[in-house]
Amino acid sequence: MLDLQDILKTFNPGTANEVRALRGVTLTLERGSFLIIIGTNGSGKSTLLNAVAGTFRVDSGSITLAGQDITGQPEHRRARLIGRVFQNPFSGTAPNMSIAENLALAARRGQPRGLGWALDHKLRAQIRDRIRSLNMGLEDRIDNAIGTLSGGQRQALTLLMASWLKPDLLLLDEHTAALDPKSADQVIRLTHEIIQRDQLTTLMVTHSMQQAVHLGDRIIMMHRGQVLHDLRGAERARVRQEDLLNRFDAVRRREQLDSGVADLLQSHYV
Amino acid sequence: MTLLIGAATIGLVLALLALGVYLSFRIFNFPDITADGSITLGAAVASILLVHHWSPVVATLAGFMSGVVAGTLTGVLHTKFKINGLLSGILVMTALYSVNLHVMGKSNIPLLNESTLANQAESLATRLLGGGKSEFLLAGWTVGVRDAALLIGVLLVVIAVGLTLYLFFRTNLGTAMRAAGDNPQMVCALGVSVDFIIILGLALSNGLIALSGALLAQYQGFADVQMGIGIVVWGLASVIIGEALVGTKKIGVLITGAVMGSVLFRLLVAIALRWGLNPNDLKLITAAFVFAALVTPAALRKLRLASKPAAT
Numbered sequence: 001m002l003d004l005q006d007i008l009k010t011f012n013p014g015t016a017n018e019v020r021a022l023r024g025v026t027l028t029l030e031r032g033s034f035l036i037i038i039g040t041n042g043s044g045k046s047t048l049l050n051a052v053a054g055t056f057r058v059d060s061g062s063i064t065l066a067g068q069d070i071t072g073q074p075e076h077r078r079a080r081l082i083g084r085v086f087q088n089p090f091s092g093t094a095p096n097m098s099i100a101e102n103l104a105l106a107a108r109r110g111q112p113r114g115l116g117w118a119l120d121h122k123l124r125a126q127i128r129d130r131i132r133s134l135n136m137g138l139e140d141r142i143d144n145a146i147g148t149l150s151g152g153q154r155q156a157l158t159l160l161m162a163s164w165l166k167p168d169l170l171l172l173d174e175h176t177a178a179l180d181p182k183s184a185d186q187v188i189r190l191t192h193e194i195i196q197r198d199q200l201t202t203l204m205v206t207h208s209m210q211q212a213v214h215l216g217d218r219i220i221m222m223h224r225g226q227v228l229h230d231l232r233g234a235e236r237a238r239v240r241q242e243d244l245l246n247r248f249d250a251v252r253r254r255e256q257l258d259s260g261v262a263d264l265l266q267s268h269y270v
Numbered sequence: 271m272t273l274l275i276g277a278a279t280i281g282l283v284l285a286l287l288a289l290g291v292y293l294s295f296r297i298f299n300f301p302d303i304t305a306d307g308s309i310t311l312g313a314a315v316a317s318i319l320l321v322h323h324w325s326p327v328v329a330t331l332a333g334f335m336s337g338v339v340a341g342t343l344t345g346v347l348h349t350k351f352k353i354n355g356l357l358s359g360i361l362v363m364t365a366l367y368s369v370n371l372h373v374m375g376k377s378n379i380p381l382l383n384e385s386t387l388a389n390q391a392e393s394l395a396t397r398l399l400g401g402g403k404s405e406f407l408l409a410g411w412t413v414g415v416r417d418a419a420l421l422i423g424v425l426l427v428v429i430a431v432g433l434t435l436y437l438f439f440r441t442n443l444g445t446a447m448r449a450a451g452d453n454p455q456m457v458c459a460l461g462v463s464v465d466f467i468i469i470l471g472l473a474l475s476n477g478l479i480a481l482s483g484a485l486l487a488q489y490q491g492f493a494d495v496q497m498g499i500g501i502v503v504w505g506l507a508s509v510i511i512g513e514a515l516v517g518t519k520k521i522g523v524l525i526t527g528a529v530m531g532s533v534l535f536r537l538l539v540a541i542a543l544r545w546g547l548n549p550n551d552l553k554l555i556t557a558a559f560v561f562a563a564l565v566t567p568a569a570l571r572k573l574r575l576a577s578k579p580a581a582t
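Protein sequences, first through last, are from chains A and B. First residue of the first sequence: 1, per the numbering used here; consecutive thereafter. First residue of the second sequence: 271, per the numbering used here; consecutive thereafter.
For the record, the hints were derived by calculation from the structure and aren't laboratory data. Check before you lean on any hint, since a few could be wrong.
Unchecked claim - Restricting the straight-line Cα-Cα distance to at most 25 Å, the calculated cross-link-like pairs of lysine to any residue (SDA-like) are: (1) B/Lys520 / B/Val431; (2) B/Lys352 / A/Arg141; (3) B/Lys350 / A/Gln73; (4) B/Lys519 / A/Ser98; (5) B/Lys519 / A/Gln73; (6) B/Lys519 / A/Ser150; (7) B/Lys519 / A/Thr15; (8) B/Lys520 / A/Ala145; (9) B/Lys553 / B/Lys519; (10) A/Lys122 / B/Leu437; (11) B/Lys352 / A/Ala184; (12) A/Lys182 / A/Gly151; (13) B/Lys520 / A/Leu115; (14) B/Lys519 / A/Arg113; (15) B/Lys519 / A/Arg141.
Using the sequences provided together with the hints, build the complete structure.
Given below as structure tokens:
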């Protein structure tokens, strides 16, 4: 379904701020699989998601989604295939427009937009039905501006928008990280329901080890722009929160070792 | 009375400018200075066609289209060449000054003897009233037929344009345009090219502004290469007054507000001039007014916060 071949990306090349964000990521995802990406800060997990979404062009490598090579396509062209939920609840919705208008925009994701009415009775009824299924009491407020809603409500709506037209790939970028624990639980439950119902192929970045072990059927751990561990099948089924934390500790120890060795070498040779 | 009708008519003509400025400045938050050039461009193109005996309707539409081209140019400079929005507008506006001189062939074109929309409206009104009279009585006031005809004619145009704009903002494309100003990241993630939408929006905005210029030239009976200077600030003042008048974020109400703001602004200007305001000070006062209108809301909020520190 999704196939990444040897993706390289360096930000600010040739300057003091050069960051080698992705250093040869190769990853294949089958249709309907739900991949969780974990990793330390700066490990490149969000960058990987953005590379797939098309926020920037990769330096080399190829990205194939649903049988199409999308490596050179701009972000808005890829949107035909991809639904996204961002970390920031404010990113996924237009605050000064109504709930109904936001969903109407999502109902035409990736399709040409002409001079037909954005909202008609049929679409409004559909919107009300789907919003009722969120159980947030928003179905009677679909003409209110989205900016008046809480972060959790907005994130739930963004999720609804991203999945309104069944996407070939759903990208979730730490979409509960900015929410309070209760809203985060609610959004995670909704995420699970939607992905199960539509059998969506999903990439989800998270900081929560709890989410990592309870959701998804495969976990990759990234480090320094590369895939360090790839847990799938029986190994994925066995993994517990402690195991993941241990792996993080191992990475951290090695990191310290690296700088320790550098100091040692420096004191001897420089 | 003639003074008030005249001010209201100019206010309505410039309401189209206000709608254009509303589109670029409020929908996209894009300070588009192209307006100064495109209003003159609209006037120049319409006038030169009128001098060559084209039909006034065609000349006016050509004025509109010339603004569309100018706006497209600003949009392309901004999105495809990544030039700062303000600078893109300044570049196109500056270039348009020369273009306008070339279009007109001289710095001023009088339209006194041409068949314009204004003259056509007047003759239509005279025919409707049974001919002969140049004035009539309305509720005790003597009203010139020409003045009344122009006011009603322009009002109809503004209503038509405002309604079209309102309906456009409820289509798929129009909704995407509003959303692109509100949250470009989201719109991009939903498959809309934000670049395309900005170019389209600026084209439409400058088209309206040029249309305003084309009508203004026909109303006042001449096109002048200087007529656009500082006009974007007038449009902005109208938009701000309109927002203060209506005080909501509903799109239809805001469109009406911009029109009302423009008329009210022109009436205020007419009254101030009548009271002896030096016309040379007009732009200074307009700029000061826009400054105050931009700063006051934030200052008020700060004052309100400062007055109740114990609340937290």
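For this session: Would you list, in rising numerical order, the hints stated earlier that this structure does not obey?
Result: 2, 5, 7, 9, 11
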